[in-house]
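Colleague: For reference, the chains in residue letters:
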Amino acid sequence: MNVRPGISAISYAVPAESRSVRELAAAGSLESDAVLLERFGFERVGVAVEETPYDLALAAASDLLRDHHIDPSSIDALLYAGAPGALAFAKPRDALTAARALCDTRRFEFAATRLQFDLSLDNATVLGLDQLACTAILGAVRMARALCIAEGLERVLCVSSEFYPAAAGREAITNGTSDAACAVLVERNANRNRVVGGVSVTKGFYWSGDRASMRDEIMASYFPTAARVMHRTIASAGWDKAAVNWIMPHNVSATSWDILLRLAGLPNARLWNRNIARIGHTLSGDNFINLRDALDGGAVRAGDKVLVFSYGYGAHWTGLALEA
Amino acid sequence: MTTCFLTGATGLIGRQVVARLLVSPRVERVYALTRRPRVESVGSTHSVHGDVRVDGLGLPADVRDMLAREVTTVVHLAANTEFSQSLEDARTINRDGTLRMLELTADWPNITRWVYVSTAFVAGLRTGLIKENDRVQARGWANAYEQSKAEAEDLVREARPDWVIARSSTVVCDDLSGTISQMNAVHRALRLHFGGLAPMLPGTDASRVDVVTTEYVGRGIALAALARDVARKTFHFCAGAGAMSLDELLEVSHQAFLRAPAWQRKGIARPMRTDLETYRLFEAAVHDAGSSRVRQALRSLSHFVPQLAFPKTFDTRAADALLGETAPPVSAFWQRMTNHLVGNTPAVEAA
Chain A
1 MNVRPGISAI SYAVPAESRS VRELAAAGSL ESDAVLLERF GFERVGVAVE ETPYDLALAA
61 ASDLLRDHHI DPSSIDALLY AGAPGALAFA KPRDALTAAR ALCDTRRFEF AATRLQFDLS
121 LDNATVLGLD QLACTAILGA VRMARALCIA EGLERVLCVS SEFYPAAAGR EAITNGTSDA
181 ACAVLVERNA NRNRVVGGVS VTKGFYWSGD RASMRDEIMA SYFPTAARVM HRTIASAGWD
241 KAAVNWIMPH NVSATSWDIL LRLAGLPNAR LWNRNIARIG HTLSGDNFIN LRDALDGGAV
301 RAGDKVLVFS YGYGAHWTGL ALEA
Chain B
1 MTTCFLTGAT GLIGRQVVAR LLVSPRVERV YALTRRPRVE SVGSTHSVHG DVRVDGLGLP
61 ADVRDMLARE VTTVVHLAAN TEFSQSLEDA RTINRDGTLR MLELTADWPN ITRWVYVSTA
121 FVAGLRTGLI KENDRVQARG WANAYEQSKA EAEDLVREAR PDWVIARSST VVCDDLSGTI
181 SQMNAVHRAL RLHFGGLAPM LPGTDASRVD VVTTEYVGRG IALAALARDV ARKTFHFCAG
241 AGAMSLDELL EVSHQAFLRA PAWQRKGIAR PMRTDLETYR LFEAAVHDAG SSRVRQALRS
301 LSHFVPQLAF PKTFDTRAAD ALLGETAPPV SAFWQRMTNH LVGNTPAVEA A
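Line by line, the protein sequences give chains A and B.
At position 310 of the first sequence (counting the first as 1) the number is 310 in my numbering, and the numbers step up by one without a gap.
At position 315 of the second sequence (counting the first as 1) the number is 315 in my numbering, and the numbers step up by one without a gap.
Keep in mind that a hint or two might mislead.
[What the hints assert, rightly or not] The list that follows gives simulated cross-link-like pairs (lysine to any residue, SDA-like), each with its CA atoms no further than 25 Å apart:
1. A/K241 - A/N273
2. A/K203 - B/Q255
3. B/K266 - B/F194
4. A/K203 - B/V252
5. A/K203 - B/R295
6. A/K203 - B/H254
7. B/K233 - B/G140
8. B/K131 - B/A206
9. A/K203 - B/A206
10. A/K203 - B/W263
11. A/K241 - B/Q335
12. A/K241 - A/G298
13. B/K266 - A/Q131
14. A/K91 - A/H68
15. B/K233 - B/Q335
16. A/K203 - A/E151
17. A/K203 - B/K233
18. A/K203 - B/V342
19. A/K241 - B/D205
20. B/K131 - B/A284
21. A/K203 - B/L298
22. B/K266 - B/Q335
23. A/K241 - B/R270
[What the hints assert, rightly or not] If you anchor each label on the Cβ, the simulated ranges turn out as follows:
24. A/H231 - B/R26: 40 to 50 Å
25. A/A242 - B/G343: 14 to 24 Å
26. A/A242 - B/T127: 22 to 32 Å
27. A/A150 - B/R265: 30 to 40 Å
Just so you know, the hints here were simulated from the structure itself, not pulled from any lab data.
Since the model is a prediction, treat every value here as computed from it, not as a measurement.
Note that beta-carbon positions come from the ideal geometry of N, C-alpha and C, so glycine has one too.
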């Protein structure tokens, strides 16, 4: 039988509170001027106050199971790609204290395992993905697809929940950054959003993504590598550039997307960019948060060819080709 | 016999030209204008202290009279070749200095040849085939250097009946060995690529990079000064048909860098070619959000790389006929030049 894994459900959760970039600037949470971030397309970002990364992960995954009437016992595997150990259970104001727990046996208190219990995923094997930063959920989907094909799993639930580091402000290289969680269900034979191609490139030279001395190099490397990964992703699906109906971005600056799409020879009109202003950049799943909203809003229709692309600290460039 | 008066004789090309002139049996003497205060004579070369930024070049009356009596050929090379200078600064030496030279030599009775060394890029933002005898009809210029040289060409053509215009392409190395004696914007662009700071360059499918060696240009200018029947001619000392496409040049450079194992491991991306508008957007983004290091690097290129987006091929038929051969193709020295630039060892170069 021809196996065609795809994404059958997406849910996401954002914090109850949000801040405008001007409020963030006034609070000293930005490196850049608020006006510049606004010019780059950012307006508000979600800021967790009372929530923990685990709370949002649980909310996103619970919503997915409930809204799509998924029997928890039908999930064969849970892939968790989110905040590690004790940090997953800490509110931002407690994060520094929680970080100390990573140095004792509480390091082995895993969000993935607790999710399996809290969601009653009784038949799910549990795996954790780490160190892929903003590409983690894409990595999880790639792995889920591989598990469906290689091991015959029917349903793999991918969950990512990340807060921007509590002591790092709210800006990642001129991008306003939100806390959020995202859950994606990959099914072995899905009717929608089939994963028909994918490319991932890691350049270890840039491993220290936020070190000042490396930022320039990363910024320079970002564009040509991203354009080539997008081209290769399109080719891996057997498409040509003109066939791409939508580009589901990671929510980095609209200006950088303008430059990248020109470089890649893809039209800006096909960029689904409405969440850059509304949510900003999340570490946990911009692309699928956007896809969910684009599907709900009717912008993406069945059969559309969707190019998903994200870059994450580390340094990882990942593209996926989906047939909606 | 020929007695030459050269400006810019101590520069990279000037030294080549002097050396070439001195081996000609027809050249009796070379007077070389120098800003050094000491007057020196070495063989048939005599240094003359002066400055093209000063009226009359600041020459004492006796020196001026001597030159007026003896000089048969003027070769005006002195120029400010920085691409990033302001138009005012560029004009100071390139246009006004030429005007001072023209005024000084206007009544020297024995001059039969007045060679102005210009740049092929007086063509500015024009595209397509640039013919040698085209007068400057630029559609704007990429930088003040190009404009000031174009303005100077006009002055020379109008003032002298015996003008010869020697338009040089951009010099990137001494000779086919690829040795670099003087760095310029081309080398800075390559260094950015090597440093992993060059994501893109403007250009089109038709963009070609026309660069030459000092040896070739020096030979051409010397011949332009000495050959018969070249008055009122313009020569393109350019790679012409031997120019390399921008895509090929980026690839060859990248491959040369990759021969260094330490560089290869970094995984630095080959810069992409894009349209000028996209490049300008990137420049603006760096201006807004980049570090001072990258802003400064891009600023240093901003007066040079836009030229790549205006593809042109320089007609070199007159220069080829003068020299009896075409310029060395860029492919004959680019890789070796690149190796020199980044310090690749001979073993790496051989590989």
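Colleague: CA of B/K233 to CA of B/G140, is that 25 Å or under?
Modeller: 24 Å, holds
Colleague: Is the hinted pair B/K266 and B/Q335 satisfied, with a Cα-Cα distance of at most 25 Å?
Modeller: Between B/K266 and B/Q335 the Cα gap is close to 20 Å, so the pair holds against 25 Å.
Colleague: Would you mind confirming whether the straight-line C-alpha gap from A/K203 to B/Q255 stays at or under 25 Å?
Modeller: Roughly 18 Å between the alpha carbons, so the hint for A/K203 and B/Q255 holds.
Colleague: Holds or violated: are the alpha carbons of A/K91 and A/H68 at most 25 Å from each other?
Modeller: 29 Å, violated
Colleague: Check whether the Cα positions of A/K203 and B/V252 lie no farther apart than 25 Å.
Modeller: At roughly 22 Å apart (the allowed maximum being 25 Å), B/V252 and A/K203 satisfy the hint.
Colleague: Would you check the hint for B/K266 and B/F194, treating anything up to 25 Å between C-alpha atoms as holding?
Modeller: 10 Å, holds
Colleague: State, for the Cβ atoms of A/A150 and B/R265, whether the hinted interval 30 to 40 Å holds or is violated.
Modeller: With a Cβ separation near 31 Å, A/A150 and B/R265 satisfy 30 to 40 Å, so the hint holds.
Colleague: Tell me if the straight-line CA distance from A/K203 to B/V342 falls inside 25 Å.
Modeller: 22 Å, holds
Colleague: Taking 25 Å as the top limit, are the C-alpha atoms of A/K203 and A/E151 close enough?
Modeller: 29 Å, violated
Colleague: Please verify whether B/K233 and B/Q335 have alpha carbons no more than 25 Å apart.
Modeller: 33 Å, violated
Colleague: Are the Cα positions of B/K131 and B/A284 separated by 25 Å at most?
Modeller: Roughly 35 Å separates the two Cα atoms, so the pair is violated.
Colleague: Is the straight-line distance between the alpha-carbon of A/K203 and that of B/A206 25 Å or less?
Modeller: 32 Å, violated
When held up to the earlier numbered hints, the structure conflicts with 9, 11, 14, 15, 16, 17, 20, 24 and 25 and fits the remainder.
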